[in-house]
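Line by line, the protein sequences are chains H and P.
In this text, residue positions in the first sequence follow our numbering: the first is 1, and each later residue adds one.
In this text, residue positions in the second sequence follow our numbering: the first is 375, and each later residue adds one.
Rather than coming from a laboratory, the hints here were simulated on the basis of the structure.
Just so you know, these numbers come straight off a predicted model, no measurement behind them.
Watch out, some of these pointers could steer you wrong.
[Claimed, not checked] Ranges between beta-carbon positions, derived for each pair: (1) P:ALA441 x H:SER163: 32 to 40 Å; (2) H:PRO252 x P:SER724: 41 to 49 Å; (3) H:ASP46 x P:PRO733: 41 to 49 Å; (4) P:THR572 x H:THR125: 51 to 59 Å; (5) H:SER113 x P:ALA500: 41 to 49 Å; (6) H:PHE119 x P:ALA492: 54 to 62 Å.
The beta-carbon is built from N, C-alpha and C at its ideal position, and this holds for glycine as well.
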Amino acid sequence: MPCCYRTTADRWICAPFRCRSLRAAACLISILALGASAASIVRDGDGFRVNGWTPAIQPADWSAILTIHVGSLEAPPLLGSYAVTGDGLTFHPRFAITPGVRVFAKFAPPSGSPMVEEFANLRETHAPSTSVARVLPSADLLPSNQLKLYLEFSAPMSRGEASKRVHLYGEGGEEVDLPFVEIEQELWDPEQKRLTMLFDPGRIKRGVLPLAELGGALVEGELYELRIDRGWPDAEGRPLVEEHRKRFQAGPADRTAVDPASWKITAPTPGTREPVLVAFGEPLDAAVLVRCLEIRGDGQPLAGSGSAQDAETQWRFEPEEPWAAGSYQLAVCGTLEDLAGNKIGKLFDVDTFQPVTVSIATGSVSIPFRIGGQ
Amino acid sequence: MRFLHFVSIALIPAGLLFAADGGSKAGKAVLKSAGPLAFGPNGVLFIGDSAAASILAVETGDTTAHAASPVEVKGVNEKIAAMLGTTPDQIMIQDVAVNPVSKNVYLSVARGKGPDAAAMILRTDAAGKITEFPLDNVKHSMVVMPSAPDAEAKDRRGQSLRQEAITDLAFVDGRVFVAGLSNEEFSSSLRAIPYPFTAASKPAGIEIYHGAHGRFETNAPVRTFVPYTIGSESNILAAYTCTPLVRIPVSELKAGNKVKGTTIAELGNRNRPLDMIVYNKGGKDFILMANSSRGVMKLPAANLDKYEAITAPTEKQGVPYETIESLKGVQQLDKLDDTHALLLSDNSGSLDLRSIPLP
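Model the full structure from these sequences, guided by the hints.
In structure tokens:
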């Protein structure tokens, strides 16, 4: 019988001899060798294509025939999928290959010599364009029990870098040892444009061992400089435009609860769209602040825009519609914090032994105020 | 005076905080990010997805029992990078978990470090071969973690920057416990979710307080924890962000209850607990803790219920511990079997996955 296999509806490949049952394996090998004789490997979009070779039969494992390797030929093969179209075999990588890594294609047909091709995969270089937009709190006097810093960037950043890219130095140029708690997951916003750095709570909270052993990360009266390395890659792998520095001084520890009753509300003139101004008398946490306050009229939130100003010591709300004279409420959520993590009516670390001398309601509060006369 | 921690539990209406799909269904499971891993019953793998604020429960079907084989995959990050077409510095291995039945090792991996990084689950077999565990067509279910009520209000204005990092999870007595840390307010957010996930689940948000020496009380986030049974009582051994290691009885984590937990170790400065396991050797229980700077620490776990709690600020009392000097750079730990642990350790940037006899 002739030794032939049908590859498509109208295409057969035949070996140059007749096939007996005992020679079936040799028959197949010969056919595959025939098919491989004029093969070449080319890039096909993000994929890799072997031209001039069509498998006579579907192999059980395509990865025994064509594999792509990055870095070196010994590296495990790239994940991806295979497709046979026309007279070629195509491999589609699961992910686009990172520019700059070496790329090899290894084609090993069942018969014949294996073939290896290396493909150019040049790294594109782009000038740095991402920078530190600001560091919050924006004040340059922070309590020595400061709890958080927010680093805001102009574009998305890379994870996994914070612990080696953010440094705190004392006035004499010495680096402060372990001021921040390292959190391997890192506390980013969804766009990875804002990172929350937590000063080590074990060096803030009274009564735990790190504070007793090392003392606080910040010492009252001392000057500090926060430095954010230029080498921190953004999400595209490019370094920052420049190093960022923020100088500040540590002031007295803040061990007073947030007390909305002490805030000063400046009411606008009826019929205008002047802002309501709320002065706190101390800076509050910038991130929690902007989501924690709202103006309500008749119990419903008013449409408008609120923002922090004056180093987060004041909140400004501009309504979409002109003010009507009447009664309003400033609604404040219970998660509001000051710079040291103190909440409304509750300290960051409550001293349960201390006698209560002033009682402030905890949790959400609502402060009434009027616009216009009685 | 006993060193007390107060745990109060708020029962939250299910429909308000959790969206459950009513049980497992076959299909494509979508991960926005792949973080902490934990195995539950019958080969169910729980995956913490911080970016999607959800817990995914995948029925792996990997339920054939095998004896553990020695594991040694050197440069596992380099191998994974090659498989995913990138460089090792663009690979983040977020967690490793051993399937307690099959002994296969599962890894949660991010390809890339930006907000668009791809999330995936990989698996190594007894021979150390790494393959993708495909999520294209698996039986799975999911719960969405609750947002802070204030964050929801802000979402309506389209400005929310708040996100919670899921730092650990474990399956204990029919519930998945999830520890998280907000990128805004400083507070505890341990949550308990009954499994199987259904719309009728009654999730509880657990507010945890840490009372240092019975005096200074904070709302203390838990970073990592491990279930541990003392006698017939299930407990959680938890490491706080402010370093103490505490014991919290699971049975008392009920709605409306106020639970007194106990500090069992003050680990002190430079201690960043990364991962913990509990094991038995020679008839005695031990805790093995991977630690940022002290390497791996071994603590006896016997009689934790009777241990004298720490009562003074500067004394290193409580459960004594020893440091395993030979183990450096350990980032992740899991139990491989009753006599071996699995480690993911950093060797000058090259991550090695290997098993060791339990110390």
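Subject >> Violating hint indices (sorted, rising) >> reply: The structure conflicts with hints 5 and 6, although it agrees with all the remaining ones.
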